[in-house]
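K.L.:
In case you want the letters, here they are:
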Amino acid sequence: MAAEDARYRQSTQYKLWSFSPAQLSATREKTNALAKATISERLLSRPPPAASAPTSGSNTPNPSSQMQGAGDLPEFLTPAEELRLLNHYTAELLRASDFLQYSVAIRATSAIFFRRFYVANSIMTYPPTEMLKTCLFFGNKVNGVYLHAEQFAANFPKTTAEGILAGEFLLCQGLRFAFDVKHPYRALEAAMFELERYGDVDLTRLGTASKTARDILKFSPLMTDAYFHYTPSQIMLAALSLADEELYDRVVRETFHLAHTPAFPNAPPQSRKAAAAAEEKSRLLGPEMRDKVRAAIASCRSMLAQEPPARMTGYWGTPAQTDAVKPSLRKLRKCRDPDRFDLVALHKARREQALRNGDADDEDGRVPAGSSLDGDDDAAVFGNVEERDAKRRKVKKGLEDPFGGPL
Amino acid sequence: MPPKATLAPGHVPPGDSNDMCPVCRTNRYFNKDLRFLINPDCYHPMCSNCVDRIFTDAPAQCPYAGCHKTLRKKGFRQPFFDDLSIEREWDIRKRVASVFNKTQDDFETLRDYNEYLNQVEDLTFDLVFSPDEKRRAKAERTLKEYEEDHKAEIEMSRLAGKAADEATKKRIAAEQAAARERRREAALQAEEERIRRLQEREEALDELAAAPEGLAGKVMLKRREKKPMPNPDRDIPMRDNTSSAVPSDDANTSSAKPFFAGLKQKPKPAKAEGPYDVFAGGDFVPDRYKLQKQVPKPPYKKDVARDPHYTTGGYDVRDYYVQAMYEAFAGLGVFVDDEKEMSGRLGLDSAEVASMAAGLAAAETTASGFGFGEMGLGQTKNVINYL
Chain A
1 MAAEDARYRQ STQYKLWSFS PAQLSATREK TNALAKATIS ERLLSRPPPA
51 ASAPTSGSNT PNPSSQMQGA GDLPEFLTPA EELRLLNHYT AELLRASDFL
101 QYSVAIRATS AIFFRRFYVA NSIMTYPPTE MLKTCLFFGN KVNGVYLHAE
151 QFAANFPKTT AEGILAGEFL LCQGLRFAFD VKHPYRALEA AMFELERYGD
201 VDLTRLGTAS KTARDILKFS PLMTDAYFHY TPSQIMLAAL SLADEELYDR
251 VVRETFHLAH TPAFPNAPPQ SRKAAAAAEE KSRLLGPEMR DKVRAAIASC
301 RSMLAQEPPA RMTGYWGTPA QTDAVKPSLR KLRKCRDPDR FDLVALHKAR
351 REQALRNGDA DDEDGRVPAG SSLDGDDDAA VFGNVEERDA KRRKVKKGLE
401 DPFGGPL
Chain B
1 MPPKATLAPG HVPPGDSNDM CPVCRTNRYF NKDLRFLINP DCYHPMCSNC
51 VDRIFTDAPA QCPYAGCHKT LRKKGFRQPF FDDLSIEREW DIRKRVASVF
101 NKTQDDFETL RDYNEYLNQV EDLTFDLVFS PDEKRRAKAE RTLKEYEEDH
151 KAEIEMSRLA GKAADEATKK RIAAEQAAAR ERRREAALQA EEERIRRLQE
201 REEALDELAA APEGLAGKVM LKRREKKPMP NPDRDIPMRD NTSSAVPSDD
251 ANTSSAKPFF AGLKQKPKPA KAEGPYDVFA GGDFVPDRYK LQKQVPKPPY
301 KKDVARDPHY TTGGYDVRDY YVQAMYEAFA GLGVFVDDEK EMSGRLGLDS
351 AEVASMAAGL AAAETTASGF GFGEMGLGQT KNVINYL
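Residue numbers (the UniProt record's numbering), protein chains in the order written: chain A, 1 to 407; chain B, 1 to 387.
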């Protein structure tokens, strides 16, 4: 295993946020099913609203009928629809980021945060429009740009700082506190260095290829699941191959340049170690590895090709796009989680609950005023044993699930 | 046994040399305190007056005719044996024994040990009695070489031997002390016994005196019955002294080159662990690319390599270059599809996903809602896992 790969395998991007396509779609389906189950439970258990403005819609179930028969449930989004909405909102996020002229890293980080959050959380559960802004805000923070929440909120209509901060901790939990996203942009620059180093590549051609590849990287991998399935270097090379196939070929050939050399079985023992090292080297940089890498990049390339940068404008306000997402949006309005969709209220409720718990803890921990301090100093300082045990149990429970309970 | 004819140089036949100094011809008749001294360089005896006279000022040649050794006063001493050839052998044996100071514990088998002893004895014999100058020189060289090569080992052995000697001494002292104690106790006991007997006798006499006439025999019989049996506990106060703290001479540690066959392999002292490795064996030498000495110019409008806005804060283009190259090639050989499928484990544990997924199961949550407001993330960037 190459040293670089070993290092990459240590990253949270690999450990927590890399899936095979099958795993990712299975997770999304599971998320969707869970959301359906819980939302329907919530809708059934809560009393029907006294008056709701009936909305038109021939396909969707009539809200008035839903009101009368409490057993009626709205039609839920399918995983495919969720994915379409996710892409729609990711495009919205990119548009917002471009409008606010954020740097490439912030833009990409926010988008990836957004996509990661909705792997294990359904769009029906938490409002994507709100999370989108929170992601942008938090993406800034992660990249070392500290904005005022108020000023940031002022960029958007009908948005308050409270609304943006409400989802922040939720987002962190959803991201499993893995804030580092590895992007392919700097890698592309390094690839250009390498191509330059070879000495026989036309520099203007390099410039064009670099620009095209960068444009691709700025859109295609963010709109697809490339970040989940491929490593940044693979994504970079895939983009490069889309921009200029020959240059990509050159890089791969130069990198995996070793011909396969069979080890001599009868080699004297002194050289056997060196031979093993050479064998390992040739395995790392040999033709077999090259073909494997090529295959991975080719599949990444076909994924990126589905969302070429030319489609970017297509996501924004074109009639076709609107028509495509409109039914899903209409559905979403019906089937969202009644308890969770209002992030501000949810945040407030959780805060209050936490405060209440904290108060309760304080009262428990306090030593009764009349207790004699001289008799039991330890108890005075540390609280009595039972309380401590209770606290320990609490801490222990927390440790089993370091990321906290369900969101 | 050494043949008499092959006595080593320096041998002076014993005889009248005891009575007359061969250097100054003084004899015991004139000087009652005549003391003969020898120097282990050549073993020529001379009287203490001669030594003072010749060697006090500076080292000088041996006054014996034909002996060209330069001697110092410091080296003179009184011989232990009359026969100076024995004196010399004794010296040599002492020296050899201090170098070849292995014990039987150092060897796997008794046979090996005996081989070793034989070898040493051969060498000693060559040194002491060999008529052949070459053989003597060779033996001398062997001894010196061995001493050079096995300094640490010899020292260890010596220390161990010393420790063993001390242990033996201690053991003997302990045994003696125990014997003394035993004797003292026995004496005490005997004394007690004597006093008891005396008392008994007096009591018996008193009783007899008080007894009515004619019943003396009965009284005596009664007394004999009453007499307590000797107490076995008291009578045998033997103590087990064998277990007294006598440290067994633990084998000296030495790792020898196979100078002798059959040496025991001593456990090597545990190697100290190297310095703490922050990266836990991680490797930062790239496999897929080579970093160039010449750092390429980053594709930025500003000249970040020279702009003091950047360089003052410690920005180094080389770091950027290293990082960029790493990012370009890291993970090229990581095939997420295969690896994640193979491990059968999602990035998140599937159970974890279920518990967090959509997070709808429970109405209440343990996650406290604050802490990550505006104030919480000031340091986020610093906290981020850099990997």
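Hints were generated in silico from the structure; no laboratory data involved. Heads up, some of the hints might be wrong.
Straight line, CA to CA, 27 Å or less: simulated BS3-like cross-link-like pairs of lysine-lysine [unchecked claim]:
hint: 1; chain 1: B; residue 1: LYS151; chain 2: A; residue 2: LYS211
hint: 2; chain 1: B; residue 1: LYS290; chain 2: A; residue 2: LYS292
hint: 3; chain 1: B; residue 1: LYS301; chain 2: A; residue 2: LYS218
K.L.:
Hint by hint, which ones does the structure fall short of?
P.N.:
1
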